[in-house]
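**Student:** Sequence:
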Amino acid sequence: MNLRGYLEELEEKTLSPYAALSSRSRGRQRAEAECPLRTAFQRDRDRIIHSKAFRRLKHKTQVFLSPTGDHYRTRLTHTLEVAQISRTIARALRLNEDLTEAIALGHDLGHTPFGHAGEKVLDDLHPGGFRHYEQSLRVVEFLEKNGRGLNLTWEVRDGILKHSKGRASIIPGPEDGPATLEGQVVRVADIIAYINHDLDDALRAGVITMDDIPRWCLKILGSRHSQRIGTMVRSLVEKTKEADDGRLHLDPAVLEAMEALRDFLFENVYESPTVHAEFIKAEKLLRELYEYFLAQENIWEKEATLYGPETSRHRIACDFISGMTDRYALNLYKELFIPRPWLVY
1 MNLRGYLEEL EEKTLSPYAA LSSRSRGRQR AEAECPLRTA FQRDRDRIIH
51 SKAFRRLKHK TQVFLSPTGD HYRTRLTHTL EVAQISRTIA RALRLNEDLT
101 EAIALGHDLG HTPFGHAGEK VLDDLHPGGF RHYEQSLRVV EFLEKNGRGL
151 NLTWEVRDGI LKHSKGRASI IPGPEDGPAT LEGQVVRVAD IIAYINHDLD
201 DALRAGVITM DDIPRWCLKI LGSRHSQRIG TMVRSLVEKT KEADDGRLHL
251 DPAVLEAMEA LRDFLFENVY ESPTVHAEFI KAEKLLRELY EYFLAQENIW
301 EKEATLYGPE TSRHRIACDF ISGMTDRYAL NLYKELFIPR PWLVY
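Numbering-wise, full-length UniProt numbering puts 240 at position 240 of the sequence shown, and it's gapless, one number per residue.
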């Protein structure tokens with residue numbers, strides 16, 4: 001028996017009846033030979049980590065645009081925190097950690113520069129609208145590897161596409177959540193991560209103080225960053241185990257406090273004058289870049305080789321801009337629109 005076969009057998013023996021088994025994956029878009037060492041979901045995780053889109057996450061905004069402070073989160077550190085929380089939950093519930101990790105690492109690959117400010121611009125300008133979770137799927141299905149994509153399993157692609165919840169219910173219902181319980185775990189872990197690290201970053205930046213945070217939320221969840229994450233994760237694990245029905249559950253008091261903290265962040269951080277003022281600048285920058293690219297005939301020498309003649313310029317511009325890092329967008333804008341001094345000797 002090769003190592004992959006042993007690992008698949010181990011999954012059969014040890015994982016929960018609700019877990020997704022790699023040996024029973026619904027497969028890839030294109031058939032390919034199995035790896036003798038890794039399961040299908042381990043292979044997907046590795047492909048995501050080695051992708052160009054994953055590397056670019058280190059220079060994409062989480063909340064604070066192009067932060068120069070060493071300790072502010074970026075889209076990459078957010079992704080790693082989601083992966084860690086997801087794996088902790090998956091292990092406690094005896095779910096497939098490899099599938100959970102692959103979804104978590106790939107969930108934000110399609111996010112724009114400048115966070116949700118960039119997403120708003122592309123949603124306004126692109127005729128088909130723009131949603132970062134759909135773009136994340138487009139990255140792994142098409143844009144990576146010069147138009148071939150990463151050829152991931154159906155379960156990972158499903159989890160990436162359905163990970164986002166906006167301000168909807170934190171616990172996904174059967175009609176709108178991922179098909180696997182592992183994908184549902186990532187969806188909840190995503191909000192656990194960002195509620196806590198965005199609060200932490202906002203405190204560090206001086207946008208809010210501890211006195212601003214609703215006291216009753218801190219009483220339920222904890223006064224420290226680690227306490228709050230621990231409370232949320234324990235509640236999810238304990239209530240899900242207690243129900244034992246193949247769905248995720250949270251203690252009602254914890255769920256209410258999480259929703260209140262999320263609302264607090266939207267009202268006092270994401271939409272605060274300090275943060276929003278920079279978002280307005282970022283939106284203007286990306287809007288001008290987008291309109292510039294639409295007007296140019298031969299602007300994408302490398303990128304154009306991915307597309308057929310039927311692809312609209314809007315689609316190409318949208319792909320190009322959404323893949324940019326903050327610093328690339330800033331440098332390109334400076335090169336295109338800011339005059340350089342004429343040197344006279």
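No lab work stands behind these hints: they were computed from the structure. Keep in mind that the hints are not guaranteed to be accurate.
With a straight-line cut-off of 25 Å between C-alpha atoms, the simulated SDA-like cross-links for lysine to any residue are [stated by the list, open to error]:
id : residue 1 : residue 2
1  : K58       : S226
2  : K284      : T325
3  : K284      : F337
4  : K334      : F293
5  : K120      : T325
6  : K120      : F293
7  : K284      : R30
8  : K52       : S226
9  : K58       : D200
**Student:** Hint numbers the structure violates, sorted upward?
**Tutor:** 7, 8
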